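Engineer: Sequence:
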Amino acid sequence: MKHLIRKLAATTVMGVAGAAFATGVWAADFVAKIGHLESAQQSRHVHLEKVAKLVNERTDGAVEFQLFPQGQLGQQREMTEGVQLGTLEATVAPAAFLGGFNPAVSIMDIPFLLPDNDETAQKIRGGAFGEALCDSFNSRGVTCIGLWPNGKKNFTSSKPLASLDDFAGQKFRVMDSNILIEQFNSLGASAIALPFGELYTALQTGVVDGEENPLDTIQRMKFYEVQKHLVLSDHGAMEDVILFNPAWWASLPEEHQKTIVDTFNEVIPDLIAHKAEAVAAALEEIKASGIDIREMSDDEKAAFRDKMYPAGRDAYVERAGEEGENLIAVYEKEYEAATAQ
2 MKHLIRKLAA
12 TTVMGVAGAA
22 FATGVWAADF
32 VAKIGHLESA
42 QQSRHVHLEK
52 VAKLVNERTD
62 GAVEFQLFPQ
72 GQLGQQREMT
82 EGVQLGTLEA
92 TVAPAAFLGG
102 FNPAVSIMDI
112 PFLLPDNDET
122 AQKIRGGAFG
132 EALCDSFNSR
142 GVTCIGLWPN
152 GKKNFTSSKP
162 LASLDDFAGQ
172 KFRVMDSNIL
182 IEQFNSLGAS
192 AIALPFGELY
202 TALQTGVVDG
212 EENPLDTIQR
222 MKFYEVQKHL
232 VLSDHGAMED
242 VILFNPAWWA
252 SLPEEHQKTI
262 VDTFNEVIPD
272 LIAHKAEAVA
282 AALEEIKASG
292 IDIREMSDDE
302 KAAFRDKMYP
312 AGRDAYVERA
322 GEEGENLIAV
332 YEKEYEAATA
342 Q
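Oh and the sequence shown: position 123 is 124 in my numbering, straight run, nothing missing.
Keep in mind the hints are simulated off the structure, nothing from the lab. For clarity, every value in this text was computed on a predicted model and none was experimentally measured. Just so you know, not all the hints are guaranteed correct.
[Stated by the list, open to error] Pair ranges (Cβ atoms, derived):
1) E226 <-> N139: 37 to 47 Å
2) Q205 <-> D61: 54 to 64 Å
3) D136 <-> A303: 26 to 36 Å
4) A282 <-> A194: 48 to 58 Å
5) D117 <-> G189: 45 to 55 Å
6) Q205 <-> E286: 17 to 27 Å
7) A282 <-> D61: 29 to 39 Å
[Claimed, not checked] Quick list of in silico lysine to aspartate or glutamate cross-link-like pairs, EDC-like style, CA-CA up to 16 Å:
8) K54 <-> E267
9) K154 <-> E296
10) K160 <-> E267
11) K54 <-> D271
Glycine included, each C-beta is placed from N, C-alpha and C at the ideal position.
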């Protein structure tokens, strides 16, 4: 944490100076440094820039967001702790990286949690489920103001994946999560938790047969070079959690809080479109490699969900306890209502 504080002190000086040069104003009434892990070219940062610009305009310059992408302020754990302690005002973090801080958020690891339709998924994300998930952060010393979509995971393997039965006996790499391990166990496969940096070599040498990741990650890490089959399953939701320091958030006038929340929500359709473009470009590069690619039908997805969701659900409740049971109840009620329409 001392390392993070020193880093924040240095970057704050540069950030404020840069903002002053750009706007001609030395300081806004409320300044928030926002750290995250993605590059400046990726969807999260592009839309944080849009939010920062719109919020500054809509508050007549009173609120200024200074953005620090690509882990400039430390790894996600450091940034999350910084938001909790008040050495950092905000972070936009992958839900998958926050389970150690808040076990309740591991609900996002459950396969086929969100439907494919963007509007339907947003009803769940932006409704009572999203509010309940945010509440689980608020009780842990950070203020969650919402969720942002950031793509979905797909399956790859060196062995055929032509049907559900083909998964049996295969070995898949996962993050260190019992929920993800159980999702593969439910298919008769096995799962091995390995660090992400070891995945390419593990695929290349046959330590594991396959993996799950968003298409742009598969493209960027060139996993297609050491895989033969890709299934466009969209089975795992990759959601970001927007976290602010409670004291900084409470210092804002209520109208500024509303402006910030509304603006983060407003850009979601454009964020989804931008991500879709990145995924489409990634898929074209993957196709050029000659890898076998197939898309899951809706009926297949339903069959996979019938197998995988209960296993993931049970593992989640075991991890998150009563809090998890309550959140699952809210989610399932919202999912049923949203998908019945």
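Engineer: For this structure, which hints from the list above don't hold up?
Structural biologist: 4, 5, 10
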